[in-house]
Amino acid sequence: MKVIKQVLRSDTVRTGLCWLGAQYIRLVYLTSRWTVLNSESPGRFWKENKPFILCLWHGRMLMFPCAWHRRKPIYMLASSHRDGQIISKTVGHLGIHTITGSTTRGGTQAVREMLGKLKDDQCIGITPDGPGGPRMRASDGVVALARLSGVPVIPASCNTRRRRILSSWDRFLVAWPFNRGVFVWGEPIYVDRRANKAERERCRVRIENTLNDLTHQADRYFAHPEIQPENVELSREST
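With the working numbering, letter number 176 in the sequence shown gets 177, and the count goes up by one each step, no holes.
If you're looking for bench data, these hints aren't it; they were derived computationally from the structure.
As the structure is a prediction and not an experimental result, all values here were calculated from the model.
There may be inaccurate statements among the hints.
Claimed, not checked - Simulated crosslink set (DSSO-like; lysine-lysine; CA at most 27 Å straight-line):
{"id": "1", "residue 1": "K198", "residue 2": "K118"}
{"id": "2", "residue 1": "K120", "residue 2": "K51"}
{"id": "3", "residue 1": "K120", "residue 2": "K198"}
{"id": "4", "residue 1": "K120", "residue 2": "K90"}
{"id": "5", "residue 1": "K90", "residue 2": "K118"}
{"id": "6", "residue 1": "K73", "residue 2": "K90"}
{"id": "7", "residue 1": "K118", "residue 2": "K51"}
{"id": "8", "residue 1": "K198", "residue 2": "K90"}
{"id": "9", "residue 1": "K118", "residue 2": "K73"}
{"id": "10", "residue 1": "K120", "residue 2": "K73"}
{"id": "11", "residue 1": "K48", "residue 2": "K73"}
{"id": "12", "residue 1": "K73", "residue 2": "K51"}
{"id": "13", "residue 1": "K120", "residue 2": "K48"}
Assemble the whole structure, with the sequences as input and the hints as a guide.
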């Protein structure tokens with residue numbers, strides 16, 4: 002294990018692994034049949050060149066670069082942690098730009114950068130339960146970004162028939178090649194610029210519930226057991 006950790010500290014090794022990861026994602030996508038549900042939701046914004054905030058759970062992010070419109074730039078928020086940078090470099094090979102930082106943990110600069118992109122009619126992508134959970138529980142950072150920018154949140158999820166769910170905190174979904182898959186898009190969710198604290202919390206809960214509903218819908222599409230959100234109360238009791 003120590004040897005593996007030492008090898009992964011090498012920039013050259015990590016760069017190679019990120020390239021391989023991107024090729025694997027391409028392989029899965031190209032050898033599988035995909036269904037897209039409610040594609041009209043993001044399609045309206047792409048057609049009119051209007052920005053929105055893509056919102057998906059951390060555990061369902063592997064295949065989503067392939068669901069994105071190839072000619073529409075998007076900037077995904079990535080953690081400054083090593084794992085976040087690996088993800089950043091991997092999706093970079095797939096044409097996805099990244100912004101390093103956080104919406105809640107001292108991420109003022111990242112928030113400013115994202116607001117600037119949205120003002121320039123560029124789209125932003127966020128995993129509101131990342132980088133470390135609780136799983137499938139939305140932080141209030143995405144609500145703050147939507148309120149400050151006036152840009153809607155469009156939630157989304159995905160699933161594949163043949164998959165492996167890792168035992169990681171986010172129950173990360175790894176899809177196999179030669180497969181069937183589904184991308185599920187939700188409707189836009191707006192946050193009023195004048196929303197008070199209670200209204201912002203209602204928006205946060207709505208985003209969280211919608212994301213979970215879409216994820217459960219994607220799981221049921223292939224008759225898989227539904228991945229459940231982390232029990233926040235139990236999580237608090239264990240800390």
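Going down the list of hints, with the structure as the test:
Distance hint between K198 and K118 is fulfilled; the C-alpha atoms sit about 26 Å from each other, no more than 27 Å. A distance of roughly 10 Å separates the Cα atoms of K120 and K51; the hinted pair therefore holds under the 27 Å criterion. Taking the CA atoms of K120 and K198, the gap is about 24 Å. The hint holds against a cut of 27 Å. Using a Cα cut-off of 27 Å, the hinted pair K120 and K90 holds, with the two alpha carbons roughly 25 Å apart.
The suggested pairing of K90 with K118 holds, with an alpha-carbon distance near 20 Å, which does not exceed 27 Å. About 19 Å separates the Cα atoms of K73 and K90, which keeps this hinted pair within 27 Å; it holds. Taking the CA atoms of K118 and K51, the gap is about 12 Å. The hint holds against a cut of 27 Å. Of the supplied pair hints, the one linking K198 and K90 is violated, its CA atoms being roughly 36 Å apart against a limit of 27 Å.
Taking the CA atoms of K118 and K73, the gap is near 13 Å; set against the 27 Å cutoff, the hint holds. Between K120 and K73 the CA atoms are separated by roughly 15 Å; this keeps the pair inside 27 Å, and the hint holds. A distance of roughly 10 Å separates the Cα atoms of K48 and K73; the hinted pair therefore holds under the 27 Å criterion. Of the supplied pair hints, the one linking K73 and K51 holds, its CA atoms being roughly 10 Å apart against a limit of 27 Å.
Our distance criterion of 27 Å between C-alpha atoms is met by K120 and K48, whose separation comes to about 17 Å.
Hint violations for this structure: number 8 only, all remaining hints satisfied.
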